[in-house]
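Once you have looked at the hints, place chain B on chain A.
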Amino acid sequence: MEAVLALGIGIVFGAGIWLVLRPRTFQVLTGLMLMSYAVNLFIFAMGRLAVDRPPLTPAGTMADPAALADPVPQALVLTAIVIGFATTALYLVVMIGARGLAGTDHVDGEEPEE
Amino acid sequence: MSLAWTQHLVVVPIVLPLLCGAALAPLTQGWHRLKFAAAYASALALLANALALAALADGGWPGGIGVYLAANWAAPFGIALVADRLSAGMLVLTAVLALAALHYAQPRWSRIGVHFHTLFQFLLMGINGAFLTHDLFNLFVFFEVMLAASYGLVLHGYNVERLRASLQYIAVNLVAALFFLVGTALLYATTGTLNMADMAQRIAALAAGGQSSTLVLLQTGVAVLALAFLVKAAMWPLGFWLPTTYAAASPPVAVMLVLMTKVGAYVILRLWLLLFGDGAGAAARYGYEALAWGGMATIVFGAAGMLATDTAGRLAGYAAIVSSGTLLAVIGYGQPSLVTAALYYFIASTIAIAAFVLLIELVDRIRTPGAAMLALTAEAFAVEDTPAEPKGRGVPAAMAFLSLAFAACALTIAGLPPLSGFVAKFGMFHALVNPGPDAPAIGPAGWTLMALVFVSGLAAIVSLMRFGVRTFWATEAVAPPALHAAEVVPVAALLLVSVLLTVQARPVFDYLARASEDIHRPALYIDRVLGTRPVPAPLPANVPGSASAGEAP
Numbered sequence: 001m002e003a004v005l006a007l008g009i010g011i012v013f014g015a016g017i018w019l020v021l022r023p024r025t026f027q028v029l030t031g032l033m034l035m036s037y038a039v040n041l042f043i044f045a046m047g048r049l050a051v052d053r054p055p056l057t058p059a060g061t062m063a064d065p066a067a068l069a070d071p072v073p074q075a076l077v078l079t080a081i082v083i084g085f086a087t088t089a090l091y092l093v094v095m096i097g098a099r100g101l102a103g104t105d106h107v108d109g110e111e112p113e114e
Numbered sequence: 001m002s003l004a005w006t007q008h009l010v011v012v013p014i015v016l017p018l019l020c021g022a023a024l025a026p027l028t029q030g031w032h033r034l035k036f037a038a039a040y041a042s043a044l045a046l047l048a049n050a051l052a053l054a055a056l057a058d059g060g061w062p063g064g065i066g067v068y069l070a071a072n073w074a075a076p077f078g079i080a081l082v083a084d085r086l087s088a089g090m091l092v093l094t095a096v097l098a099l100a101a102l103h104y105a106q107p108r109w110s111r112i113g114v115h116f117h118t119l120f121q122f123l124l125m126g127i128n129g130a131f132l133t134h135d136l137f138n139l140f141v142f143f144e145v146m147l148a149a150s151y152g153l154v155l156h157g158y159n160v161e162r163l164r165a166s167l168q169y170i171a172v173n174l175v176a177a178l179f180f181l182v183g184t185a186l187l188y189a190t191t192g193t194l195n196m197a198d199m200a201q202r203i204a205a206l207a208a209g210g211q212s213s214t215l216v217l218l219q220t221g222v223a224v225l226a227l228a229f230l231v232k233a234a235m236w237p238l239g240f241w242l243p244t245t246y247a248a249a250s251p252p253v254a255v256m257l258v259l260m261t262k263v264g265a266y267v268i269l270r271l272w273l274l275l276f277g278d279g280a281g282a283a284a285r286y287g288y289e290a291l292a293w294g295g296m297a298t299i300v301f302g303a304a305g306m307l308a309t310d311t312a313g314r315l316a317g318y319a320a321i322v323s324s325g326t327l328l329a330v331i332g333y334g335q336p337s338l339v340t341a342a343l344y345y346f347i348a349s350t351i352a353i354a355a356f357v358l359l360i361e362l363v364d365r366i367r368t369p370g371a372a373m374l375a376l377t378a379e380a381f382a383v384e385d386t387p388a389e390p391k392g393r394g395v396p397a398a399m400a401f402l403s404l405a406f407a408a409c410a411l412t413i414a415g416l417p418p419l420s421g422f423v424a425k426f427g428m429f430h431a432l433v434n435p436g437p438d439a440p441a442i443g444p445a446g447w448t449l450m451a452l453v454f455v456s457g458l459a460a461i462v463s464l465m466r467f468g469v470r471t472f473w474a475t476e477a478v479a480p481p482a483l484h485a486a487e488v489v490p491v492a493a494l495l496l497v498s499v500l501l502t503v504q505a506r507p508v509f510d511y512l513a514r515a516s517e518d519i520h521r522p523a524l525y526i527d528r529v530l531g532t533r534p535v536p537a538p539l540p541a542n543v544p545g546s547a548s549a550g551e552a553p
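In the order they appear, the protein sequences are chains A and B.
The letter at position 26 of the first sequence is residue 26 when you use the working numbering, and the numbering goes up by one with no holes.
The letter at position 452 of the second sequence is residue 452 when you use the working numbering, and the numbering goes up by one with no holes.
Isolated chain A, as found in the complex:
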């Protein structure tokens, strides 16, 4: 499972980097989103991979740390998703503004000369 997840994160992140380096704003935005998905998965995986473990102690039972999932990465990933989403939305607004003012979707604000 670890290898599959690691490969998946790597591929998504790599695709994101490639897209971020593209000259069109839409590609850059998609790249940023892919990268943030990969990073979120990465944070989620940092508390070790485990299936079917509750993050909290069920009522009326004794706490056994070995049987619990790590709640910290889950809290962190939630915050990271919210912040990543907000900043990406902000970037989208800037891009639309740039498209309107410059009349092109090239990241330099002008078409390269042929």
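To be clear, the hints were calculated from the coordinates, so they are not data collected in a lab.
Please read these numbers as outputs of a predicted model, since none were measured by experiment.
Any given hint might turn out to be false.
Beyond 12 angstroms from chain B on every Cβ pair, some chain A residues (computed) [stated by the list, open to error]: (1) A3; (2) A38; (3) A66; (4) P73; (5) G84; (6) E113.
Have a look at the derived ranges for each label pair, beta carbon to beta carbon [as the list claims (entries may be wrong)]: (7) B:A493 - A:I11: 50 to 56 angstroms; (8) B:W31 - A:G60: 55 to 61 angstroms; (9) B:L416 - A:A75: 49 to 55 angstroms; (10) B:E517 - A:A15: 31 to 37 angstroms; (11) B:S212 - A:A75: 53 to 59 angstroms; (12) A:L92 - B:E517: 24 to 30 angstroms; (13) A:T79 - B:L496: 38 to 44 angstroms.
Positions of the beta carbon are idealized from the N, C-alpha and C atoms, including for glycine.
Relative to chain A, chain B alone:
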């Protein structure tokens, strides 16, 4: 037992701008006087609060460290805010610059677009939070608050140039933020904590335990994390976005951007000395070399940039790069007495560059299109200046002020006597040549650093003189510019602070020496942060849950 009220002062620099910014958000531009008054009052209160914190850290609190446990949870589990001498000093600097920027923005810039004051307060909240928090994930949150506000502010007064600069600036910083998260995740995976004090302890234990594979993973994590700060601190080659952004931003915003560059360097300083100080065993001094040589490369890049550009805005950007490169090189050089002088340089150069950034716009008003054209063609066609007749009155007060202020900025940025820049550079040279009894003598790295600081000062004075000569000694008739009092006062105030720093160099140096001693002694810091106990809940003991809420594990 209850918490002393002074303890609550630690959280004020975060809560006050948050509340002020939120309160100003729904007001429309028709209320701009009220908005300005509220924002200004908030900045004044922040200054008073920061001064109080500095006084408390410098004698009021045991060990000079004030710990605030948010939500009353003990340190590794809850969020600890920590004010020590260094962070209190940074808060003072932030408040001073914020006051100057707000004052400057009052007649014109704050009215160009909506929500200038709201974003500005959120920016202050982010910067203050980054100085106070001692928890990696909260550092990320405050960085994002600061950056998100700065994106809005860079775009303030929307034009094509600003949009173009913002597209790069935002993309670079978003990617840096993602690296920040990856680094934090790796650090959590290897140490199992996010609290910086706890992490320092565990890294020492990890290094002592000989788990080399975990240690390698941890060092990788820190390297990835450092990328995020180094992008902010504009270390070569990560600082390419900076001059364009600084030149495009409106002057009051550029002042805060100058400070934000320093936030990255500040975090590196704090994190490196804490995590990889001499107590960290096998991990000690990890990455110091890279920081030292990277910092020196940054100085070279900045100095070359200053010589190559003839736009004042870009000149200021490159000056900021030089100053943050110097700080990074000093951190990597790893000599405590040098850090004191570097901190002084940090403050002096930030204030000087901030004043210069504000001055640029005022100076631009006297550069009539004809003069600008002449400056452009002077080199290309070697036009010989034909002296024109002096017109009208003698030196008007506005011109005298501008040229004097420009000279003061140039002297400080270049590090020539008599202003604070000289004291700072002299302090650094002195510390380099006299490393003290228990430090190694100055080696090739030290000599290189010294030469680079010297040469960068030379480059700064050459490029600033060139700009000054073309502007103030232009033979074309220059119209005495119309200056608003609200624009002159902040520049003059910043220069006054710079003069004060020079006159009072002794006490400032002493304070910074104590601050530098603190950050070089992580054991005390770890004790204070982890040893602070939460206050027992004031609820009666028979209320269910109150006992466990008061005693965090």
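Structure-inconsistent hints, enumerated in ascending order: Going through the list in order, the structure violates hints 2, 4, 5, 10, 11 and 12 and respects the others.
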